[in-house]
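Order-wise, the sequence lines are chains A and B.
First residue of the first sequence? That's 76 in my numbering, and the numbers climb one at a time after it.
First residue of the second sequence? That's 76 in my numbering, and the numbers climb one at a time after it.
Some clues are possibly wrong.
[As the list claims (entries may be wrong)] Here are some chain B residues the structure puts well away from chain A; computed CB gaps all over 10 Å:
hint	residue
1	P206
2	R209
3	D254
4	F259
5	P268
[Unchecked claim] The calculated label-pair distances, taken between Cβ atoms and stated as ranges, are:
hint	chain 1	residue 1	chain 2	residue 2	range
6	A	R273	B	A214	46 to 54 Å
7	B	E189	A	E118	51 to 59 Å
8	B	A121	A	D98	46 to 54 Å
9	B	D108	A	R233	27 to 35 Å
10	A	E211	B	P298	44 to 52 Å
[Said to hold, decoys possible] Covered by chain A, per the in silico footprint, the following chain B stretches (three or more residues, Cβ under 8 Å):
hint	region
11	116-123
12	192-198
13	234-241
Simulated from the structure, these hints should not be mistaken for lab results.
Heads up, the beta-carbon is just placed ideally off N, CA and C, and yes, glycines get one too.
Number of protein chains: 2
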Amino acid sequence: MKAVCLLSGGLDSSTCVGVARRDGFECYALSFDYGQRHRIELEAAARIARHFGVREHRVAQIDLRAFGGSALTADIAVPKDSLEPGTQGIPITYVPARNTIFLSYAMAWAEVLECSDIFIGVNAIDYSGYPDCRPEFIAAFEHLANLATKTGVEGRTRLQIHTPLAQLDKAGIVKLAADVGVDFALTHSCYDPDPSGRSCGHCDSCLLRLRGFREAGLSDSLPYRK
Amino acid sequence: MKAVCLLSGGLDSSTCVGVARRDGFECYALSFDYGQRHRIELEAAARIARHFGVREHRVAQIDLRAFGGSALTADIAVPKDSLEPGTQGIPITYVPARNTIFLSYAMAWAEVLECSDIFIGVNAIDYSGYPDCRPEFIAAFEHLANLATKTGVEGRTRLQIHTPLAQLDKAGIVKLAADVGVDFALTHSCYDPDPSGRSCGHCDSCLLRLRGFREAGLSDSLPYRK
Numbered sequence: 076m077k078a079v080c081l082l083s084g085g086l087d088s089s090t091c092v093g094v095a096r097r098d099g100f101e102c103y104a105l106s107f108d109y110g111q112r113h114r115i116e117l118e119a120a121a122r123i124a125r126h127f128g129v130r131e132h133r134v135a136q137i138d139l140r141a142f143g144g145s146a147l148t149a150d151i152a153v154p155k156d157s158l159e160p161g162t163q164g165i166p167i168t169y170v171p172a173r174n175t176i177f178l179s180y181a182m183a184w185a186e187v188l189e190c191s192d193i194f195i196g197v198n199a200i201d202y203s204g205y206p207d208c209r210p211e212f213i214a215a216f217e218h219l220a221n222l223a224t225k226t227g228v229e230g231r232t233r234l235q236i237h238t239p240l241a242q243l244d245k246a247g248i249v250k251l252a253a254d255v256g257v258d259f260a261l262t263h264s265c266y267d268p269d270p271s272g273r274s275c276g277h278c279d280s281c282l283l284r285l286r287g288f289r290e291a292g293l294s295d296s297l298p299y300r301k
Numbered sequence: 076m077k078a079v080c081l082l083s084g085g086l087d088s089s090t091c092v093g094v095a096r097r098d099g100f101e102c103y104a105l106s107f108d109y110g111q112r113h114r115i116e117l118e119a120a121a122r123i124a125r126h127f128g129v130r131e132h133r134v135a136q137i138d139l140r141a142f143g144g145s146a147l148t149a150d151i152a153v154p155k156d157s158l159e160p161g162t163q164g165i166p167i168t169y170v171p172a173r174n175t176i177f178l179s180y181a182m183a184w185a186e187v188l189e190c191s192d193i194f195i196g197v198n199a200i201d202y203s204g205y206p207d208c209r210p211e212f213i214a215a216f217e218h219l220a221n222l223a224t225k226t227g228v229e230g231r232t233r234l235q236i237h238t239p240l241a242q243l244d245k246a247g248i249v250k251l252a253a254d255v256g257v258d259f260a261l262t263h264s265c266y267d268p269d270p271s272g273r274s275c276g277h278c279d280s281c282l283l284r285l286r287g288f289r290e291a292g293l294s295d296s297l298p299y300r301k
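With the rest of the complex left out, here is chain A (with noise of 0.2 Å):
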């Protein structure tokens, strides 16, 4: 059975391919190269990839630079130190409608291979604020999709979106990635790496990744600046 997994080299989408395979899925991968400042979250993606032997992965070139409004995408400052998830609002790190485009592409992909299976990262614990990260913003995107394509329309399957991720911490989701076989040196989540792609250790993405390690009780294989 396939399924298209949306894979941006982060923990959380790296953990998602792993439970994927885990559960008998052919995974076919999906990145997206949307002007993001960072290369470097497209090689942690092939090398996840390659970890877990996808059928297939592509990376779809995608123009979200050009409508601005994002510190990932545009040249405002990344928030460090700073990390109250929940509490204030929407960060200025969210791009907007990012997951409905992501999905979109992931549910076109499908349609060609004619697979009911979608995977995604989100996590409605964690999700920092992002309103497309929520499980009704997930629940409405899989009825949109059961209405888009001709397979929901000539009702040969139910097209279906798996969030494995949905209900756990970021200890859980460190412990679950351990489980299925994660490398997490392989992995990338910093939102401001150096020049040789060491993560920040102080952005949102570290703070979260390091607290969830720390909370599970394992280490991060990842190197940090300092």
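Position chain B against the provided structure of chain A, taking the given hints into account.
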């Protein structure tokens, strides 16, 4: 008041821009370069954008060709002289997830512009079997958009998808187009134009358009091959 208007350069989307302008919106036109066979479509979009004096016209590069699966983006012959809308299932000119992807980008730009109105020229009557032109699809997207965005989450405004052509047949669209000042000769509908850009008059899109003009009792100022 701002509105993002999806503009392909065809008759329907051109009419939509005309309606948005008539209704007092400041229009931001959005087109897509998605590996479609004919750049002619994008040239028509640029002409219409100028014609209606939109505030800004952006062309986003997207990568639908990466997934194949349609006569409009892959090397499958375009069907000719076989117009039977709604009776033959979904035509092979269907592009997987196209309107979902287009609306996702429109939503991204709307969010950056802090605008809560999107216009799309979908049509439920002459929709030729595309699942993502149906009113229930649009309603599902509107619901999704209000869960996916900062605007929706913070409850500042409610994002609205306008579909002024939804309940019109092609003749009705032709009449509305004339009313709102569309210059027919600037638009482009043909799936299979010759190298100089002249329309074939035989593909689904030409047949629908010509029937619309006939039924509306108007004449099409667009040049056809014969």
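Right, here's what the structure says about each hint:
| no. | hint | verdict |
| --- | --- | --- |
| 1 | P206 | 4 Å, violated |
| 2 | R209 | 7 Å, violated |
| 3 | D254 | 31 Å, holds |
| 4 | F259 | 30 Å, holds |
| 5 | P268 | 25 Å, holds |
| 6 | A:R273 <-> B:A214: 46 to 54 Å | 48 Å, holds |
| 7 | B:E189 <-> A:E118: 51 to 59 Å | 35 Å, violated |
| 8 | B:A121 <-> A:D98: 46 to 54 Å | 48 Å, holds |
| 9 | B:D108 <-> A:R233: 27 to 35 Å | 33 Å, holds |
| 10 | A:E211 <-> B:P298: 44 to 52 Å | 50 Å, holds |
| 11 | 116-123 | violated (count 0) |
| 12 | 192-198 | violated (count 0) |
| 13 | 234-241 | violated (count 0) |
Hints 1, 2, 7, 11, 12 and 13, counting from the list given before, are not met by this structure.
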